[in-house]
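Based on the provided sequences and hints, a complete structural model is requested.
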Amino acid sequence: MQRLWTKDYILGISINFLVMVNYYMLVVIMTDYALKFYDVSVTIAGLTAVIFIIGATLSRLICGAVMEKVGRTRMLMIFLLLNLFMSGLYFFVHNIVLLLAVRAVHGVSYGAVSTAIGTIAASVIPKSRSGEGIGYYMLSTTLAAAVGPFLGMTFHGNGGFTLLFAVCCALTGSATLAALFITRQPPSESSAAPKTAAERGWRAFLEPKAFRISGFAAAFYIGYSALLTYLTIYAAEKGMASAGRFFFVVYALSIFVSRPVTGPLFDKKGEAAVLLPAFLAFAAGMLLLGWCPNSVVLLISAALLGFGVGVTQSTGLASAVKEAPPQRLAVVNSTFYIFLDVAVGLGPVLMGFILSATGNSYPLLYTGLGFFSLAVTAVYFVFRPRRSF
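Under our numbering, the residues of the sequence shown are numbered 84 to 472, in order.
Just so you know, these hints were derived from the structure itself, not from any lab. There could be a bad hint or two in this list.
Here are the simulated lysine to aspartate or glutamate pairs, DMTMM-like style, with alpha carbons at most 25 angstroms apart [unchecked claim]:
#1 K210 with D91
#2 K405 with D350
#3 K405 with E320
#4 K321 with D115
#5 K90 with D350
#6 K405 with D91
#7 K210 with D350
Right, here's the structure in full:
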């Protein structure tokens, strides 16, 4: 069996974790920071999150196409340094316009770093262990999604924003130091060759072969965006605020426990054997969330939703990159995450329209998302790869 836990693979996981903790620490406090320090409306404060995602999406779109020309490790170092610089700029922001500008450029650096390190990690994973390798790599994101918000709220409450920004700088600085030890990946020789018809035009920025699985993953991430946006409000409305605080802890634990099984299963049986149970679990979790008579059901739904989202992300990415030629790996990686970023960005807007139409009924929203997920699962069953499952 080919070796998975190499130096570069471990460094890739570590760098991704540090950068993602930085991201999650800031995302949970930035709206409150804008409201408290700049006396702006909730809508303007919310732009601090939206403009970050816009920057990240545009960055992924461009860097996926140019990374092989620049070199993966060079791209990683350039944008890690930019990420560190932008993290430090928060100390010197004094108005909302400058804050939005910093958030936009910070988003650009985040998108480029996450695409570069994801591509580097995927490139050192043996093809025969791609499901397992990407599964473990994505655990670093899962862990960051639990640690980051906890640290953000803790430092915000105990030390204020100055301490929080200092910790963010320390995290990104550590990631930059770790990147110095990654084996250099120079520009791809094939990137200098004349482009084929399939690599010209918009195909230089997006990989059509990744559209199918990316589209299905994005459909479920629309529902995931409803969890990020409204779960806290919904839990409080149901009188389950205490259980709601543990929702994403159970959610993360579910991903952590399932990952050692689902990765090797993908390598042995193919994507459909893993994704069909994940899609059904997600749909069941949404339906339970819409019903939710007590805290036990709330946490059961968290476990099902965590399994569904976690497996969809890791298996979807593994499926997208498994057939990718080395020179298109960065474009495949960026294509997949662009789909997810767009889903998470548009999801709250769509959910807002649904809530307006249903009289702000969160049970109807989550129940509707459950049936929508079942419909997407049925479509996936029709278009699943025939060679798997």
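Find the hints from earlier in the document that the structure breaks and name them by number, from lowest to highest.
3
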